[in-house]
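S.K.: Single-letter residue listing:
Protein chains: 2
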Amino acid sequence: MSANNTDDVALLLIDVQKGLDDPDLGRRNNPDAEANMALLLAEWRRRGLPVIHIRHCSVEAGSKLRPELPGNDYKDEVRPLPGEKEFTKTVNSAFIGTGLEDHLQRSAISKLVIVGLTTDHCVSASTRMASDLGFDVILVADATAAFERCGYDGRQYAAEDIHRVNLVSLDEEFCAVRTTAEVLGALT
Amino acid sequence: MSANNTDDVALLLIDVQKGLDDPDLGRRNNPDAEANMALLLAEWRRRGLPVIHIRHCSVEAGSKLRPELPGNDYKDEVRPLPGEKEFTKTVNSAFIGTGLEDHLQRSAISKLVIVGLTTDHCVSASTRMASDLGFDVILVADATAAFERCGYDGRQYAAEDIHRVNLVSLDEEFCAVRTTAEVLGALT
Numbered sequence: 015m016s017a018n019n020t021d022d023v024a025l026l027l028i029d030v031q032k033g034l035d036d037p038d039l040g041r042r043n044n045p046d047a048e049a050n051m052a053l054l055l056a057e058w059r060r061r062g063l064p065v066i067h068i069r070h071c072s073v074e075a076g077s078k079l080r081p082e083l084p085g086n087d088y089k090d091e092v093r094p095l096p097g098e099k100e101f102t103k104t105v106n107s108a109f110i111g112t113g114l115e116d117h118l119q120r121s122a123i124s125k126l127v128i129v130g131l132t133t134d135h136c137v138s139a140s141t142r143m144a145s146d147l148g149f150d151v152i153l154v155a156d157a158t159a160a161f162e163r164c165g166y167d168g169r170q171y172a173a174e175d176i177h178r179v180n181l182v183s184l185d186e187e188f189c190a191v192r193t194t195a196e197v198l199g200a201l202t
Numbered sequence: 015m016s017a018n019n020t021d022d023v024a025l026l027l028i029d030v031q032k033g034l035d036d037p038d039l040g041r042r043n044n045p046d047a048e049a050n051m052a053l054l055l056a057e058w059r060r061r062g063l064p065v066i067h068i069r070h071c072s073v074e075a076g077s078k079l080r081p082e083l084p085g086n087d088y089k090d091e092v093r094p095l096p097g098e099k100e101f102t103k104t105v106n107s108a109f110i111g112t113g114l115e116d117h118l119q120r121s122a123i124s125k126l127v128i129v130g131l132t133t134d135h136c137v138s139a140s141t142r143m144a145s146d147l148g149f150d151v152i153l154v155a156d157a158t159a160a161f162e163r164c165g166y167d168g169r170q171y172a173a174e175d176i177h178r179v180n181l182v183s184l185d186e187e188f189c190a191v192r193t194t195a196e197v198l199g200a201l202t
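Going line by line, the protein sequences match chains A and B. By our numbering, the letter at position 32 of the first sequence is numbered 46, and the numbering carries on one by one without gaps. By our numbering, the letter at position 87 of the second sequence is numbered 101, and the numbering carries on one by one without gaps.
Just chain A, same shape as in the assembly:
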C-alpha cells in the first residue's frame, strides 16, 4: 500500500450503527474503535479514495438494527457523505445479497481496508469472504471491536479475548491485521 498504488484501495465500513450501542449487548472492547474509524475515513476522504458503507438491515424480530428502528442509523462518526457508496445487507457477510462484489470488480478495486462491528460476526464473515473471493484485505485491529459472550460451554468470554482470538484466526489466512496508525503511515 505505497503512495503510488493506493488508488484501488477502498475503505469498507461494516455495520457502524447506533443499535450496537445497546447495553443489552454487554461489555465491549476497544472504546476508541469509532474514533479510529473516523481518522481513517477522514484520510480516505482527503485523498479521494473509495469509501464503501455497509449497513445491516436486520429481519430478526428482536434486533435493534431493523430498518424501521432508530438503531439502524449510522453512528455520527462515520455517517456517509453524498456520493459515497452504500450497501444494505440482511445477513452477516457484506457480500451476500448485495452488489458489493460486482461494484468492486467494476470499479477495479482489488484491495480493501476493513473496519467496523463486530469483529467476530459481520467483520469476520465479510473478511473471510472478501479473501476467498480474491480481494486483498487489511483488517484494522483497533478500528473493530467485539462484545463479551457467554459460551456454548457455559464459560464467560471477555470481549478482548473474543476480539483477539478472532483476529488471530483471520490474520495471514484471510487478511493482514494492522493498526490504524500503521494503515495511515503506509498511506503517507
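Derived by calculation from the structure, the hints in this document are not laboratory data. Any given hint could be a false lead.
[As the list claims (entries may be wrong)] Each computed DSSO-like pair below joins lysine-lysine, with the alpha-carbon atoms no more than 30 Å apart:
{"id": "1", "chain 1": "B", "residue 1": "K78", "chain 2": "A", "residue 2": "K125"}
{"id": "2", "chain 1": "A", "residue 1": "K99", "chain 2": "A", "residue 2": "K89"}
{"id": "3", "chain 1": "B", "residue 1": "K125", "chain 2": "A", "residue 2": "K78"}
Once you have looked at the hints, place chain B on chain A.
M.R.: Here is chain B on its own, set in the frame of chain A:
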C-alpha cells in the same frame, strides 16, 4: 432433527485430509475428532442420509494439500464410498468456486451437520457462509479441531482456546454447536 424430519440433513465433511497431520502445523486439540467424524459418517451411511465430502486442493506453493501431493488424500477414517458426493475447493469456504450450493438446493437439503478441519479456518468460513446462504447448520464441537497459533500480537494461542473461542463466535449466530453424542442421540 427428530426422526421424522432427518431426510434432508446432510453430513458435510470438510478437509479431512492427510496433509493436516503435518507436524509443522503445531499442536492440535481434539485428537478424537476423526473418530467422532467416523461415528457420524457410519450412522449417516447406515440411515442412507446424504453425505458430502469437501477436499481442499491448494494452489499455494508450500501447502501439503496441493492436489499432486500425498497430503491431498482423504484420511482413512472418512474416505468417500462410491456414490457419495464430493466437491473440491481452492479457498477456505466450501461454497466458493464449487457447486455445493446448487447441489444442496437441487437436492432439497436445507440442513447441514458440519464436521472437519480446521475449526477456525475452513470450518468457520464454510459454516458462516452456509448460514448466510440460508441453511440450518449444526456444528459438531468434538468432530472439529484447531491448531495452536502465534498471534499478530506476539502471543501464543493454544489450540483448545482457538477452537473454543471460534465456536463461541459461531454458536447461535451461524449455527448450533453440539457434540457427536447429541447429534447421534437426536437421530435415534
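S.K.: So, for every hint listed, does it hold in this structure?
M.R.: Results for each hint:
| no. | hint | result |
| --- | --- | --- |
| 1 | K78(B) <-> K125(A) | holds, 28 Å |
| 2 | K99(A) <-> K89(A) | holds, 16 Å |
| 3 | K125(B) <-> K78(A) | holds, 28 Å |
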